[in-house]
Each structure stands twice: as structure tokens, then as C-alpha cells.
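Chains as they are written, first to last, in this note's numbering: chain D, 1 to 269; chain A, 1001 to 1545.
Do not take every clue at face value.
DSSO-like, lysine-lysine: derived pairs with alpha carbons at most 30 Å apart [said to hold, decoys possible]:
{"id": "1", "chain 1": "A", "residue 1": "K1072", "chain 2": "D", "residue 2": "K200"}
{"id": "2", "chain 1": "D", "residue 1": "K200", "chain 2": "A", "residue 2": "K1325"}
{"id": "3", "chain 1": "A", "residue 1": "K1328", "chain 2": "A", "residue 2": "K1194"}
A partial selection of chain D residues facing chain A, derived with a Cβ cut-off under 10 Å [claimed, not checked]:
{"id": "4", "residue": "A134"}
{"id": "5", "residue": "Y135"}
{"id": "6", "residue": "R136"}
{"id": "7", "residue": "G137"}
{"id": "8", "residue": "A138"}
{"id": "9", "residue": "S139"}
Since the hints were made in silico from the structure, they are not lab data.
All C-beta atoms, glycine included, are put in the ideal place defined by N, C-alpha and C.
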Amino acid sequence: MPLLLRQIAAPDVPMEADNITPDRLTGQGAADVERLALMHGSESRSIGDFFSATGSYDGIIDLQGDDLKRVKFIGAGMSRGTIRVEGDVGEHLGAGMGGGEILVNGNATDWVGPEMSGGRIEIHGNAGHLTGSAYRGASVGMTGGEIMVHGNVRNETGNAMRGGLIAIGGNSGDFTGVNMLSGSIFVLGELGIRTGAGMKRGSIISMKDAPLLPTFSYSCTYRPGYMTLYLLHLSRVFAIAEEYLQGSYKRYCGDSVELNRGEILLYAG
Amino acid sequence: MTECIQLAGGKVYDPANGIDGEVRDLYVEQGCMVETPSSSPRTIDVSGMVVMPGGVDIHCHIAGPKVNLARKLQPEDHRRDPHPGTEHTRSGAGGTVPSTFATGYRYATLGYTTAMEAAVTPIGARHTIEELHDTPVIDKGFYVLLGNNIFLQQLIRDGRKEEFRQAVAWWVNATKAYTTKLVNPGGDEPWKGKKNSNVKDIDEKSDFIPVSPRQVIDAFVDTVNELGLPHPPHIHCNNLGHSGNFQTTLETMKTAGDRRAHLAHIQFHSYAGELGKNPKSASREIAEYVNDHPNITCDVGQVMFGKSTIMTADAPLAYMLRGFKKGKWVNADTECESGCGIVPFSYQEHIYVHALQWAIGLELFLLSKDPWRIVLSTDHPNGGSFMSYPKLIRLLMDREFRREEIKRVNQKAINSTILNELEREYTLNEIAIITRAGPARALNLSNKGHLGPGADADITIYDEMADKEAMFNAPRYVIKSGALIIEDHEFRRDYYGKLLHTEPGYDESIVAEVRPFFENYYSIEFPNYAVDDSYLHDHEVIATV
Ligand SMILES: [Zn+2]
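Kindly produce the complete structure, drawing on both the sequences and the hints.
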């Protein structure tokens, strides 16, 4: 039986709930879980003040509530197990996670999976800015794992990403893949402006045409061998049109202000 | 207020009073060491423990605009090293450039109770004093950067010796500084005025103001000794980090003649070899000169492997270093008085130059014959954090540990030094000198660095352990000005130390000379420049000598 955490009280101010991870809840009974700490603003409170726990952890945590938007750091640092969320979640979801899975049936906001190194996050709604990014000041962001967002994301998706996969079913905002070092970002909808600014290596793929920076130059139109493999992988989660599998892609290389070894691929029909 | 305390049965290391590990009782009353207390003391049994005066850091960078810029530049450094508050102490952030609160508490947890910020521009003095006020536990002061000050260089050029002396004294007063600091004297102005220019020789005159580094050094050594500032000019020589720079360092010391001078982070200035090629060690030449000249004091500026932050008024040097790591960096101009550069850095065992710098620092410690004149420092955070002092102490005290560490670094670098042949192990008494008694004497802080009657009751008590790194990492008790701050390794109360500064006399008429220059060339009004007394909180004026 999964451990069910049902929200019983809305927080007055944002909460930091990094104890809500499989790593901290393994082997804990419902009563023990309710005693674990979370930060409510600047005060230390317990999970039980805001959630009722039932069942016990068997590899899955179910998190349900009407006001999870102000609950931050859910699944931060997790290495295994599954968290299933019903509702919209707060910032820093899965921050620094190394393994396991977070499934959100709702929207996420800024900082989904910052600096994650492994595992999987899937958001059925939209996410905010800085999905799969480095925290401010750090030179390396996401290094592994995958983030899949069915809806749209906002700016700086995959900032300083060095590995792993980010796939967006809808549109992305500006600066997608800014300062990217390697890894892959798929945007099935439209890219914003300044895609790949400062990228050294890595691949950014979109199914729509996009305005690119003048420091990216056109290489050729072709069908990269890996595209089929990636799109088949994505088709387990997203509806991938047959023509994307069969079609060609315009390749642009950049950013020439850096190494010029990154690529942006735009579906060409 | 502060308690009356008896420290019973500890092994006391108080080299200034000739006490080398003798078991004796010490008494503290009203913040001072006393022969016998007037009221009945609280007795703390410290038998089997090592008792030393509180540590004194003669050269570090812990407060002011450039330190704050380095903090802002590296949020990642802070995020990975939070410094939680306790019931008694405030929270902060660590990393190589900790926040003010974390800086004070972390010094205290190593048993350091005094630290001197080594480079503050006059225009940054107000900011520095504000930050030092928020740096808990330790007493502190700072050295004011005057070696690239255009107005003062013009006075040197014009041979106006008396006005120069008055102006230096005015500046020390106006900033509430402890002494003067020279950084790459004469080099920053050409750098700021013309692409890639710097002075390369101590006798080279810059195109900007025809004054050589030697003239600047001579003028400051002369004036500061005449004014009797408690600490002589604190000199960061020209050509820092360049192969062959030991000649410049020797010439700098020769310029001082037999007058007092302090050479900062001398390890960075002890390189042989050809300019533009890999450096070699010149530790023997430098150690020999320092050994033979009792007027010279120095601190080592040891490099410790791992993350550091280069922060310096030597702007051309910082610009050169930014090329090695291709990360973020800062270079800045400070009006008519200085330059500034900041580069996050890391020293790595396998890199020849880094391993050589590490080895040269250790050679200098081990070749030095007079521990009173060589001070333990890492030029925090340039050579490494002050948090690495315990490991450095172990490297000096424990030959076997040193040998093991030597094996882990670039062997080509080690083989070009004599480090492997140096058998010396520092004694506890010598460690007490290079971390406490020596720097206090070099600073003329007569109430610090010792435990005789009348001294400030700044005391550190360690459990005696074979592993000296562990021992110096966690004193069992720390007493600051008679207040028991740390007991059984835990903070028991908060404490705010005082600002140490000096007030050399000067003739008011010099203000009329400085003011027009200031009003012509500075961005702020002259009346807003000098730091007024309202900025002084708890402070102590250290008398001129
Ligand atoms: Zn320094």
C-alpha cells in the first residue's frame, strides 16, 4: 500500500518540504511521518500539521491537496521510489534528485529538477522558468535523468545543462538551452527567442521554425540517425506525428561566441 | 559582564613570556589576565589540555567592498556551505568567502580571536568598518591601500616629503586604519590607463607618473616608521606570481634597509626561473635574506589545495589569472586610489605550478630560523580558506603526514624543490609563535599574543591530540576578552570584538592640499570621504611607537 499524504491545512506562507521523499520516509509508519519536520516560512513545523498520513511507504508516496502550490522542494535529493502528486506543486520540485520518479498530475512552477543527476520527472500540465537548470552562480545544471512536461514551460529551460533529456510537449520561453554544455532538449511546440545562447555543445530540437541568434549558422538539412530513437522514446509519453519520424531537420551550429559545437535542429518537413 | 575564571592545570604555551608547555594555573578577571584574582573565580579544569593565547591572523581578506563583490560573484559557494545559527549565534553562509557572521564564528571555532583585513581602499573604509562591526567574536583592524594613490605619488614625484608624511597620516586617520598597505606599488595606474601595461621592474618609472616602485616603497617605509605606526608598511611586492620575481622581492627588502617592513604572502614572491616560463623555487634565497634581517617580518601566504578565491588590489594579476579558468571574474577601478580583481580559483595537486607554490610555502616555513618573524597565513581566501590552517599546522608539525601529502602532488614540482630533504617538525611552542605571539609582536599589539598579567584574556584551549589537524580544528574552550565563548566545543554566548586602529598626529593644513585634488577628480564629496567617529563602535586606538 502506498503512503498517502493528504493536505489538511493550507500554509499561510510557502513551505519547504524536503522531507517528503522516499529516502526519508522508508520504514516510517504514518505517525512517524507526521512527526517529520518541514519549514513553514521561518518556523520549523511538522508534516502532520499540514498533512494526514495513511498507509505506509512501499515505494510510492501519494501526495494530494488543494494548495500544494506553496509546498517547495518536494522530492528534493531523492534517489529512488515514486512520488505521485495530484494538484499543482511549488518550486524546486525534485531539486538535485539522483533517481526515482516524480509524476505530477497538475502544473509545476519555476525550478523543476534543478541540478538533477538522474531519475525522472513528468508534469502533465505546465512548468515555469528554469526547468532542469543550474542554480544561480553554478556553472553546471542538470547532468542526467529526464524531465518531461506535457504543457508549456517558460524561460531558461536547461540552463547550463550537461546531460540528460528535457522534453516539452508545448512551447518553451526564451533562452532555451542557454549556456548548455551537452544533453538534449526537445520542444515539440515553439521555441522563444535566443535559443541556445552561449551553448558549447548539446542538441536543441524543435518541431516548429524559430528565430535564431546571428551567432548560429546553417549547416545542412538532413535526417539525424538518433532522431528516430529519441522520438520513439518520446512517443511513449507524447503524441509524436509520423512525419516527424520520417522528416528532415535543418541543422544550425553555434553558439559561435563559445565553442560553436552545439546544434539546433528545426523540423523542415 | 565577564567572569572571573581560573584555568587550572593546563599545559601553557606562552612563548612571549618564555613559557613552553609548563603546567600552571591562569586567572582571568575583567577581560584581562591577572596574577591573582580579587574575587573567587569559577574554576575550569583544563588539566591535560593545551592552553595558548588566541590566534592572531596578520593577513586575510574578510571585509569590505572587494570581499563583498566576491561573495556576490559566488552564490554557489554559499549555497553548498550553509552556516546555521545556534541559540547564541547568528546564521550565515560559508564557502571560501563566508558572510560576516560566519567569518567571525569560524575564526572563533579555530581559536583565532584577532584578524586583520589586509587591503582596503580609503573610499571603501566606511563599508569595511560596517562589515567588521558585524564580524563577531574577533577583534579586527585593516590596512589602507595607499601605494597606488595618485595624489601621494604626485607628492613623491615632486619631492614633497613633509607633505607626503602629513598626507599619509591624514589618510590613516581619515579611514581609521591600522597601517598602510602597498600592492604592486606603481603598477595599477599604468594598468588602468593603458592596455596590458604594468611595471615589471622595481626601478621602472611608469609613463603616467614618473615614479618607480622603489621610490614608492622607500617613501612609505620612511614615513610609516617616522610616524611610528604600530605595524610597518605591509607590502605586496611587484610581479606577484611571475617566474623570477624573487629578485624584485629581494630588492624590495633591500630598499627597506634596516627599517621595519612587512612582506605579505611572501610565498607568491619567491619564484626563480625565467619570466614567461615555468617558475622554480627561490625559497632559499628569500628565507636567507629574511633570516639575516631582523627588521623584516613576513607572512607566508601558503597555498592549500582546493577551492580559493583570488581577490586583490593587483588588478593586472587578476586579469592574467582569469585566463586560466575561463570562468567568471571581476576587474575594477577604484577612483584615484587602486584597482581590484576577483577570480574564483582552485589549486590542484597534479598541476606543476600549484604543487610548486604549495611546496615553496612549506619550504619557507621550514627554512625560516626565526619563527617570530614568519607568520602563518594563506592570504585567505587567495591561497585557500583560513579554515585550512589546522591542516597547514599538521603539515608543519608532522613529518610523516607531510611525506604522505608530498607523494600525492606533482612530482616534477617537488623534485625541483628541497622539500623532501627538510626534516624539521614545528613544535607546539613554535606553532604558538607563528600563529599568535609572532603576529601580535609584528603588529605591536602588546596586549595580544601572550598570557602575562595585563594581556587581553583571549585564550584558546585544545585537547592535546596526536593528530594536530584534529586538535587545532576544534578547541574545547575559547575565551575572548574574558568571556567564555566556546565551552566543550559549543558556542555558549555571542560576542562582538573591537576595531583596532591607530591615530598618528598630523598637521591640519594638509587637508587644504588634499581637498582640491579630491574635488577635481573624485566622484563623491570630500566631506563624505573621511569616516567620522560615529562609525566607531567598540574600538581601541593602538599607540604609535
Ligand atoms: Zn592578501
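In rising order, the numbers of the hints this structure does not comply with
none
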